[in-house]
Amino acid sequence: MAMKHIRFAAVVALASVALVGCSTASGGGPSQAAACAPSKGKVTLNMTTWVPGMDKVVALWNAKNPNIQVKVQTGPNGNSGTYQNFFNELKAGNAPDIGQIEYDTLPAFRVQGGLQDIGACAGVQAAKSEFSTGLWNQVTFGEKSAVYAIPQDSGPMALYYRKDLFQKAGLSVPTTWDEYAADAVKIKALGGSITNFPKGDVNWFAGLVSQAGGQWFSTSGGKWTVNLTSPESTKVAAYWQDLISKKLVSTIPGFTDQWNNAYDKGQDWTWVSAVWGANSISSGAPTTSGKWAVAPMPQWTAGANVSGAWGGSSSVVFKGSKHPAEAAKFILWLNTSSEALTKLNEVAQLYPASTAGDQLPALSQPVPFYDNQPIYVTFGDAGKVISPFTWGPTMTQTYSDVSDGFGAALSGSGTLQDALAAGQAKTIAALKAQSIPVNG
Amino acid sequence: MSSVATGVRNVAPSRSKKRGGLRNKRAVFLLIAPFGVLFLAFYLVPIIYAVWESLQVIHRDGTFGAPTLVFGGLSQYALVFQNSDFWASVGRVLLFGVVQVPVMLGLALLFALLLDSPLLRGKRFFRLAFFAPYAVPGVIAAIMWGYLYSPSLSPFKLLTSQVDLLSGGTVLWSIANVVTWVYVGYNMLIIYSSLLAIPTEIYEAARLDGAGQFRIAWSIKIPLIAPALVLTAVFSIIGTLQLLTEPEVFKQFSSTISSTYTPNLLVYSTASVPNVNLAAAFSVVLAIATFILSFVFLRLTQRKAVQA
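Read top to bottom, the protein sequences are chains A and B. Take any residue in the first sequence, note its place counting from 1, add 116, and you have its number in the working numbering. Take any residue in the second sequence, note its place counting from 1, add 130, and you have its number in the working numbering.
Calculated directly from the structure, the hints in this document are not laboratory data. Among the hints, erroneous ones may be present.
Derived DMTMM-like pairs: lysine to aspartate or glutamate, alpha-carbon spacing no greater than 20 Å straight-line [unchecked claim]:
1) B:Lys287 - A:Asp380
2) A:Lys362 - B:Asp294
3) A:Lys244 - A:Asp474
4) A:Lys260 - A:Glu246
5) A:Lys351 - A:Asp280
6) A:Lys548 - B:Asp294
7) A:Lys302 - A:Asp280
8) A:Lys362 - A:Glu295
9) A:Lys302 - A:Asp373
10) B:Lys287 - A:Glu205
11) A:Lys187 - A:Asp171
12) A:Lys304 - A:Asp380
13) A:Lys407 - A:Asp380
14) A:Lys438 - A:Glu205
15) A:Lys363 - B:Asp294
16) A:Lys172 - A:Glu462
17) A:Lys381 - A:Asp487
18) A:Lys279 - A:Glu295
19) A:Lys339 - B:Asp191
20) A:Lys548 - B:Asp215
21) A:Lys187 - A:Glu205
Quick caveat, the model's predicted, so the values are computed rather than measured.
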């Protein structure tokens, strides 16, 4: 509320306060610059990220590269504010040289004309061999010579579960979603919840859909097709709606104090989450140290071995950077050198996107919080069986509209399937508003 | 404010000679310059910019074609009037306002009258105590109340485990409680200061006529402070239409707060897409609606005052 500011102003002026908060963002420059010539002399690059401890990684680079100095600024998670800052900065023409963007939001930034094509910069094309084909496609959009980002980390998903509670209850680790639902009933009888269904983590839900073999978006013939209501997507929604209707899962907003508390107190027993979730549990539920274990994701068909991905970031060079060659050189070092990747894993538990990063000694070490299980090995295996997923050009909007529908379903009006149908319609409308060709 | 400035300019030349008038003009200009610059930079320019943005639409070719802005007339406004989420959010804050504003102002008036009556002891303490919540930043207040309401974190588990204060049906009123808590003291102070401005002879006369404290409050104080009540009501109506902080913070406590819960939240999430042009159109419509509502309220209350 703006009450504090309005004590002395006239009513007319007051009414206009509503206008002030909303006058920036969007847009972007057109044509792609193909050339990538190095700058002369000493260069300072600005970088914005939300990786905790990034300054320590950058310090390694700055010590060795006196002529290319990198300044780090940290902000909140992408969807919690940093993306909006990026969009605003791009519109204002003062974006940082380098930014962190998750794979799911790369299309949105490209659609807004915010990404510098670094395909012509030295060493970038050669980096292709360092990454899996699926990931490289995410950062090139399948184009031949263009490269819009360098993959940083990936978010293969697996099942975190409370080993101690499962043992005490005489339950074995669920390997299929049917077993998972059956366990949910037993855990409910013991006064707990098998897991939490967060309305806001729609990207988590997308990971589950991708595991089931679904796709939400595709492009062909220069047009997008939106398919939030595909059979696979609907199957996953119906499965979770059933658990929600039977009150077998808790429905706390994710990554909040309440949510931490539910895990810390042993109210919630499992979490199907990405590799970086290891850090969320150990920091949010510190009293449960040594009681967790990690197993592969439950499967839709017994004996199958498919995983999904949640999150995972890339480093981009923004349009308007005066030093794309130096910026590209730095983000290549950051995301492919074993020196940087080891440090990133040490300070932020990032699981490197590069295939060589898989072999880092740190990733085969036992992790004390998880009862000395070498959990990164499990996630490494999951990373090899992720089914690829295509992201839409307005994911921020898709997430928030689906999340609104999920919220309604959690409070008993409507279902998750309804939420997907509404998200479908609103996404098509949003694409049309952005003048993006779309079927439907 | 600008009308005040023109008033001064018109008055000045008639009073003094031409040279003196010039000097006066310069002084006036100098004195209003700081206000004028800030007003221009933080009100007028953003408003004009928002209106300009709201008149444009995006054009592009192909799946990933570069976006270009072209003039789209009122097409964004057509979208605003077709948007059911927007009207649902406006309806929600109006319902909120119809209940919360009278309750808050009623309490503020009651507290102000108590502070002003000779019956109450420890006035300084109560004045400060009632006003203190206003000194708590809005976000902090919302977080604090969020914890108090939360079923698993609240110190009042006996209550919060029985009544879900964050469910779809109750959360709007839980927010109303937070807003009331924060702003009662502020409104009380405005009303109280206007009570202090009433000449004491009037009370003396009333007492001589045999009026008691209650009668004085009802028949003398309240009619005399009516302008202050109108002022606080207008501020509150504007504040209600612009609800943002509390619902935004409550998102992390309740799953029922959607990204379109209040008009300002909708503007914010539309701008995040980013669809600035539509967000700008929403803002312009909201501003005009706020203006009309405040204006109508002022008109109605003034007519009433004239009739009385």
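Can the restraint linking Lys548 of chain A and Asp294 of chain B be considered satisfied, given a maximum Cα separation of 20 Å?
The hint is violated at about 40 Å.
Restraint check for Lys438 of chain A with Glu205 of chain A, where alpha carbons must lie at most 20 Å apart
15 Å, holds
Tell me if the straight-line CA distance from Lys279 of chain A to Glu295 of chain A falls inside 20 Å.
16 Å, holds
Are Lys172 of chain A and Glu462 of chain A close enough, with their CA atoms no more than 20 Å apart?
Within the cut-off at roughly 10 Å; holds.
Are the Cα atoms of Lys339 of chain A and Asp191 of chain B separated by 20 Å or less?
With a Cα-Cα distance of about 10 Å, the restraint between Lys339 of chain A and Asp191 of chain B holds, given a limit of 20 Å.
Does the structure keep Lys362 of chain A and Glu295 of chain A at a Cα separation of 20 Å or less?
16 Å, holds
Take the C-alpha atoms of Lys287 of chain B and Asp380 of chain A, compute the straight-line distance between them, and say whether it is at most 20 Å.
Holds: Lys287 of chain B and Asp380 of chain A sit about 18 Å apart, inside 20 Å.
Straight-line Cα separation of Lys362 of chain A and Asp294 of chain B no greater than 20 Å?
With Cα atoms ~19 Å apart, Lys362 of chain A and Asp294 of chain B stay inside 20 Å; holds.
Please work out if Lys351 of chain A and Asp280 of chain A have their alpha carbons no farther apart than 20 Å.
31 Å, violated
Pairwise hint evaluation, Asp380 of chain A against Lys304 of chain A, where the allowed Cα distance is 20 Å at most:
Satisfied, since the Cα-Cα distance of roughly 17 Å is no more than 20 Å.
Given pair status - Asp474 of chain A, Lys244 of chain A, alpha carbons within 20 Å:
With a Cα-Cα distance of about 16 Å, the restraint between Lys244 of chain A and Asp474 of chain A holds, given a limit of 20 Å.
Please work out if Lys287 of chain B and Glu205 of chain A have their alpha carbons no farther apart than 20 Å.
45 Å, violated
Hint compliance for this structure: hints 5, 6, 9, 10 are broken, all remaining hints hold.
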